[in-house]
Structures are given as C-alpha cells and as structure tokens.
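Trainee: Everything in the sequence shown is counted per the UniProt record's numbering, starting at 1 for the first residue and increasing by one.
Don't read these hints as lab results, they were simulated from the structure.
Because the structure is a prediction, the values reported are computed rather than measured.
Ideal placement from N, C-alpha and C gives every residue a C-beta, glycine not left out.
Mixed in with the good hints there might be a few duds.
Keeping only pairs whose Cα atoms sit at most 27 angstroms apart, straight-line, the calculated BS3-like set for lysine-lysine is [to be verified]:
id, residue 1, residue 2
1, Lys21, Lys62
2, Lys22, Lys52
3, Lys22, Lys64
Using C-beta positions, here's what the derived DEER-type ranges look like [what the hints assert, rightly or not]:
id, residue 1, residue 2, range
4, Asp88, Gln66, 34 to 42 angstroms
5, Glu61, Ser95, 41 to 49 angstroms
6, Asp11, Arg48, 29 to 37 angstroms
7, Arg20, Glu87, 31 to 39 angstroms
8, Glu13, Thr90, 40 to 48 angstroms
9, Lys21, Asn86, 40 to 48 angstroms
10, Leu101, Thr43, 16 to 24 angstroms
11, Pro9, Asp69, 22 to 30 angstroms
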Amino acid sequence: MRTFHSYGPVDTEEHYYVGRKKLVDQCTSQLVGNFEKVGHYFTIWGARQTGKTWLYRQSLEKIKSQYGDQFIVGEISMQEIVLENNEDATDIFFSRFLRMLKKRILYSNQWY
1 MRTFHSYGPV
11 DTEEHYYVGR
21 KKLVDQCTSQ
31 LVGNFEKVGH
41 YFTIWGARQT
51 GKTWLYRQSL
61 EKIKSQYGDQ
71 FIVGEISMQE
81 IVLENNEDAT
91 DIFFSRFLRM
101 LKKRILYSNQ
111 WY
C-alpha cells in the first residue's frame, strides 16, 4: 500500500508521487548531449524538498538503462566543501574534493 512521504528520496513503488517524465527526459538529454561528442553537466538549484535529488537519480537510472556501460556515471556532493573567511576557493575546492574522492574510492564497495 502506498503512503504519503514528505522527506528524503521518493520510492515510486511505496510513495504517492507525481511523475515528471518530460523533466527527467530533458535532464537526461542535457547530460548525454550529442553522444558522439560527449555529454554535459548542469546544476540543479531549488529550495529544500523540491525534488532535486529525485530528478538527478531518475536521470542517472535512465542513462544506465538506456546506455548500459557506455557511460561511467558518478555523482559528487558539494555539501562537504565550505569556504571560510579569505580562503582561496580554488585551493580549498581541489584539496577537499581530492580528499573526498580518495575517501570514497578507498571505502566504497561498489561504484554507482
């Protein structure tokens, strides 16, 4: 039986939801781009609990199902990167990004 869910990722089998096929298709198309030339990236901006995580997860699943292993799919969270005072944004980003990447690679049992 489906239930209402007001936080976290939506499980379409367990929760009531409104499908966003056109938006997912547009997001997927933007990421894949011209398959022969490479894809693109984009930024999703929105208030809390507006479906940002759901959108990119749906798009990544669609890419995986349509293209199989033709793409290496990854995701990066910027939540761990916080700038303070006069810190150099570029230095901080790359040092913390590399630390996060190393941590994920060393301790991850699987790639998504």
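Trainee: Now, for every hint given, state plainly whether the structure supports it.
Mentor: Okay, the hints, checked on the actual structure:
1. Lys21 - Lys62: Holds, because 11 angstroms separates the two Cα atoms, which is no more than 27 angstroms.
2. Lys22 - Lys52: Cα-Cα ~15 angstroms, so holds.
3. Lys22 - Lys64: Roughly 18 angstroms separates the two Cα atoms, so the pair holds.
4. Asp88 - Gln66: 34 to 42 angstroms: Between Asp88 and Gln66, where Cβ atoms are some 40 angstroms apart, the hint holds.
5. Glu61 - Ser95: 41 to 49 angstroms: violated (32 angstroms)
6. Asp11 - Arg48: 29 to 37 angstroms: violated (19 angstroms)
7. Arg20 - Glu87: 31 to 39 angstroms: holds (38 angstroms)
8. Glu13 - Thr90: 40 to 48 angstroms: At 43 angstroms between Cβs, range holds.
9. Lys21 - Asn86: 40 to 48 angstroms: Holds - the Cβ-Cβ distance for Lys21 and Asn86, about 46 angstroms, lies within 40 to 48 angstroms.
10. Leu101 - Thr43: 16 to 24 angstroms: Distance hint for Leu101, Thr43 holds at roughly 19 angstroms.
11. Pro9 - Asp69: 22 to 30 angstroms: holds (24 angstroms)
In the structure shown, a violation is registered for the earlier hints numbered 5, 6, in ascending order.
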